[in-house]
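One-letter residues, chain by chain:
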Amino acid sequence: MYVAVKGGERAIDNAHAWLAEERRGDTSIAELSLAQIREQLGLAVNRVMAEGSLYDPDLAALAIKQARGDLIEAIFLIRAYRTTLPRFGASDPVDTGRMSCDRRISATFKDAPGGQVLGPTFDYTHRLLDFKLAAESDREDLPETQTAEPRSEDTPHILSFLDGENIIEQEPRTDAEPGDLTREPMSFPAGRAVRLQSLTRGDEGFILGMAYSTQRGYARNHAFVGELRIGSVPVEMEIPELGFAIEIGEIELTECETVNQFKGSKTVPPQFTRGYGLVFGQSERKSIAMALVDRALRWEELGEDNLGAPAQDEEFVLSHADNIQATGFLEHIKLPHYVDFQSELELVRKLRREAAELAEQMAAREAAQ
Amino acid sequence: MSDYNFAYLDEQTKRMIRRAILKGLAVPGYQVPFASREMPMPYGWGTGGVQVSAATLTPEDTLKVIDQGADDTTNAVSIRKFFENTAGVATTEETEKASVIQTRHRIPEAELSEDQILVYQVPIPEPLRFLEPRETETRKMHALQEYGLMHVKLYEDISQHGAIATSYAYPVKVAGRYVTDPSPIPKFDNPKMNMAAIQLFGAGREQRIYAVPPYTEVVSLDFEDFPFEASKADHPCDLCAAEDSYLDEVILDDAGNRMFVCSDTDYCRSRRDAGHMGRLSEEAA
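Line by line, the protein sequences are chains A and B. Start counting the first sequence at 0; every next residue gets the next number (numbering that gives the first Met the number 0). Start counting the second sequence at 0; every next residue gets the next number (numbering that gives the first Met the number 0).
Next up, chain A with everything else stripped away, as it sits in the complex:
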């Protein structure tokens, strides 16, 4: 007797129990604490916050633990949680000029007010496995860090010096309410604000690949990193009952401004153009990539040619940047499709039957001749 081989409630419950066991691993090994993840896997936490669009290191650490280190799964957990949160309002725009910078470099000027601050970067590490880290001593012998006193005054944006010379395009100022891609369905053209929202929560790998393609000649836009800065900025919010803005917290951001070439036109003399990247946490690769893709997508407003490059195609880039959408749709093909497959099976069998009959008729006709 045939018994339907279909899943059931018990199979699902058992799968979840097994998953929990796998997540914990060998119980003779101490369990990871959220604080350990938050403190020691900070860049993973940053990525989950950035692509999850929710600034909360503790929740991101929890998501990473629950997802067994699968960062896309962790981002998904954060996104699903984020949608359920009530919205009290919007903060004032953060002023990155007031950032207290841990790192601030420019590839365009050797020095500038505020100086070059290397900060905690992998840039000049030699990628040699450090077996001392494997020793897991309780107290690692940390080299002594020598840091200068933090600057008390604001660190001006390097591009503002070009601004003064009028040699770089002016960013139009607007108080218009930007769209919110989590509250309105995406439509095209999306506009720059929604585009930047999409890029900053987009998959790091996808944005990186898109940016890289522009560097290799698919709509190259000659980017210099005018400035890259990482640090904390205060977040302020207008409280209607008070009638003024108060600081409600502090977030870490990475901001990248690129300086790009521009040919100029009949009406505009040659002028540099900009690409912009802003990402939660220390997310350097992502913010540089974001700036390059942002710049590539601006071809139309800057009167450039559409070269047919993928990174210039707003609908293509924005429709495929979200890794939660992408991974869901990709992975859903493992769900049952036997009804559809059955209909294809019938169709192909029928077409083959008809083709065989036709071949037979042809052969018979030839034999008769």
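For the record, the hints were derived by calculation from the structure and aren't laboratory data. Just to be clear, a hint being listed does not mean it is correct.
Covered stretches of chain B, going by a simulated chain A footprint (3 or more residues, C-beta under 8 angstroms) [what the hints assert, rightly or not]: (1) 31–43; (2) 128–138; (3) 164–178; (4) 226–237.
C-beta atoms are modelled at their ideal positions from N, C-alpha and C, and glycine is treated no differently.
Add chain B to chain A, keeping to what the hints say.
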């Protein structure tokens, strides 16, 4: 799960979805953009259908969830459990007893009535997508009723294969206006779309909702000399002997023996309860 609102979504979100549903019903077959939310299950698992069901359900409703026609497939079980937990509504496997039926890939065999709502999970709501991937273009094509491309595709199928080579997600025209994707149901189910129940379609990842009101004309695209033909495996069900139901093909052994069995598990069960026996029924074997 008492921390969450009835049927998970907050009332503001439900209102937004209901507005999209009403617009969809007012313009049958038109894809209404809606601000789809991130649900606690992955895109591709029926987030659109779940949002539509959540906005449709009332505490008095009785919900049935099927995937591939069956109530006991893993994802149907999982979605049913989700609404049991978050809405506390009654659930059923019996088609007639359900007031809301969420489905993936099938329309139940039993005829649906005026007091029922059928909610489809939709992966790609745009019937023209694989002819023209750009949303910006396909929206224009719908606006201008520019469906020539679709007819050319069907014609090319005939010239290449001698038949229209689409067996599921077979395009339909709703109320003589919009070419619409019926979701990936087998074309066997297309004629059933002329029904008394409300049909709602939810595509979460693609942020679209569309609808077919009761008794609305739904026509499968075809040509006079190549008329549409609903097809199924040419067998009776091996368990209940039904000749009129859509069948799953199951491989039985290493020798490649097959059996055919109703994909609609409730339909098959009710026929067996009524005494119908197929080739491989326990009593017959």
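Here is how each hint holds up against the structure:
1. Chain A is given as covering the region 31–43 of chain B, and this holds because 11 residues of the stretch bring a CB closer than 8 angstroms to a CB of that chain, at least three being needed.
2. Here's how the region 128–138 of chain B fares: 3 of its residues keep a CB closer than 8 angstroms to some CB of chain A, so the rule of at least three is met and the hint holds.
3. Coverage of a stretch by a chain is defined here by at least three residues with a beta carbon nearer than 8 angstroms to that chain's beta carbons; for the region 164–178 of chain B and chain A the count is 4, and the condition holds.
4. Counting residues of the region 226–237 of chain B whose beta carbon lies closer than 8 angstroms to any beta carbon of chain A gives 4, which reaches the threshold of three, so the coverage claim holds.
Of the hints listed earlier, there is not a single one the structure fails to meet.
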